[in-house]
Amino acid sequence: MTAKMKLRSQLHLLTGFMAGFVLAFVLLLYVYDVSRVTPCWSSTSTMTTATTARIEDGPPPRILCMVLTCPENVQSLARSVYETWGQRCSRLIFASSEDYEPLGVVGVVEPTGGGYEDLWNKTREGFRHVWEHYAGDYDWFLKADDDTYVVMENLQHLLRGFDPNTPVFFGYKMSRYNVSYMSGGASYILSREALHRFATQAYESEVICPQPKKMGIEDFYMGICMQNVGVHFVDSTHALDGDTKPKFMPLDLENYMSDANYTIPEWLRLMSLSRVETGLACCSNYSVAFHYASRERMFLYEFLIYHLKVFDPNQISERGHRSRLTLSDLTRRFPLEDNSNIKDLLQMSEKPDNF
Amino acid sequence: MAGEYIILENSSTYPGFHSSSNGLANGMYRSAQRISTDRLVLLILLVSTTVIGLFAYWDVMVLNAGALPLSRGTSSVDYMEPGLRNETLAEKMHREVRVLCWVLTTPKYHKTRAIHVLRTWGKRCNKIYFMTSEPDDELPTVVLTKPDRYEMLWGKTKEAFVHIHEQMRHEADWFIKADDDTYLFLENLRYMLYPYSPETPIYFGFNYKMVGTHQKNESYMSGGSGYVLSREALRIFAEGVNDTTKCRQEDDHAEDVEMGKCLFNLGVKAGDSRDEQLRNRFYPIAPYGALLSGNVGMDFWLYKYAYYNPRSCMDCLSEYPVAFHYVHSKQLYVYDYFNYQFQLSGRAQVAERLPKKIREEELVIPESDNPVS
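Chains as they are written, first to last, in full-length UniProt numbering: chain A, 1 to 355; chain B, 1 to 373.
Accuracy of the hints is not assured; some may be wrong.
As the list claims (entries may be wrong) - Derived Cβ-Cβ restraints for the label pairs, each shown as a range:
(1) A:A19 <-> B:R347: 21 to 31 Å
(2) B:P107 <-> A:S175: 15 to 25 Å
(3) A:P59 <-> B:Y326: 38 to 48 Å
(4) A:T263 <-> B:A351: 13 to 23 Å
(5) B:F55 <-> A:L14: 18 to 28 Å
Unchecked claim - To spell it out: a stretch of chain B is covered by chain A in this simulated footprint if at least three of its residues, at any positions, have a beta carbon under 8 Å from a beta carbon of chain A; those stretches are:
(6) 185-197
(7) 304-310
(8) 319-327
(9) 334-343
Just so you know, these hints were derived from the structure itself, not from any lab. Just so you know, even glycine gets a beta-carbon here, dropped at the ideal spot from N, CA and C.
Let the sequences and hints guide you as you build the complete structure.
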């Protein structure tokens, strides 16, 4: 009896001791790890996301760049485009009034034209030329000025979310006389379907599309044509989920960077659909295009973007897979414009206000 | 007592059978009890050991898994301290290579230049002071006693460095002078300075050939793109600047030339700031098209005065540049935007490593190789 009683007592003591030890060990492990497990798993998750982002989801969009220039600018601005961002286009074409083979300049208007007052005609004929020769070979068609700088990688990142077989008109959306259009200097992009509709429906119609005339305002007229052939206007400001800042800049980037308000002209504030911000909050991290880029400015951007590195920057991991919008998604997110505000084209003033 | 009584009765009634049966029963009972107890103890020990082992294994796995992403490719133990695993390389550099920036400005430019320096690259210095002639609520200013004239630049520079040595020499390892139209990349500066000890008497900048009568290996640093002194160089300068045989005592003449002469005479080495591919990191002009597009002729003034052979092409600028000059205030924000905010889609994340430390006896400073004169 004594032996049995002693054994039972030892058993209880031993069990209690082991349980206490195990519980203490678990508790210590939990307390010790809880502050480190979270960042570790977060980092792992981030790496996973980054890895996913690098998986190629199909070939990159093929973008034809049509840059409007004139004979006086061929050796300065057009050459700068050719030496910098133009090299990253799938194909680069300059639309001018005279051919110049070394840079791929094509004369699309008569030699007496080609000045700023002939911009609309040059744009019409340029798109017609592109459609006749290249429509089947490319997905997207960018129109830029010879003083625009375009970051093609970020443009591809944007366009990856859209189907080139849907009618899409892409750029910095503005409004004039309650009619929507895309800023011409900041560049705009037509999908293959949009270009097709322009060339086959709008180009020759006087009731759909303004005819060539002097001092026609190119980007405003292009907006009218696109609306009237049922093309969806995609404001690049809202084209990336979670990013609501402009990606196409109608002004020199310097004008946005100043905290002073006087550097933003009144016409931009008036005709922009959303508030124009200044300072480092002005622009998207995935900016695409900057206007009023001189030759020196283009090389500066080329240097700052592609050559200069900052040692160990805190790089934000790129967002994940971008699914492509279907036509119904496109209609829901970017509905067709109301074109009831477009008056009779034949009666339209040749030189609108604020031109 | 009751039990004992029952046993006795059974024994007296059937002596032989009872004795045998009783013995067997007792034996079996004892054996069962012993086996059961032993098994319980063994089971508990085994389970506990297994649990402890599993937890230990899980802990090791968690630690190993957590270490990999935080190390960011620098797996060498030399670059990591225990307990600081979450520190990025840039943060480590910010802590280990402390840079005090002082900016030469004037009240006329407080609102148009200096404030923009403070809002852009100035906030990445460990410490920053604006040397001027009037205080300003928005700027960390040091008011100098010298009058505000360009001809007194050398005097102001002397006063600024002496003041910093007397008041602030414990706040940093390196001390860089810049203008209010300079742009400095502090991360790249720390990356450049990391191999050197602040106890080495050395300074860096864009090397110019010395003017006037001079020795062959004598150079000075461009004042516009800035120059950075080690703590030892600062001490030597502050203690020796009043030596009339080594440093100009009058306050006039070009600040950067006089600084170069003074430091040379005091025995401070003029370091070579170029990278491994001999590309300049400090640049006394801005990287405009004239420089980068390769259209500059040989009569460009930079080619004549540069101590080391400059070349004009895109790839001849270092990919980790430190300083540019003649960057006006709006351009400062453009530089900030493209390097700290802008994202290029598809840009590969490169694993960056720190260079090896250089001992003072291993330091080799090349002679001038610019044949243009």
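Contradicted hints - numbers only = 1, 2, 4, 7
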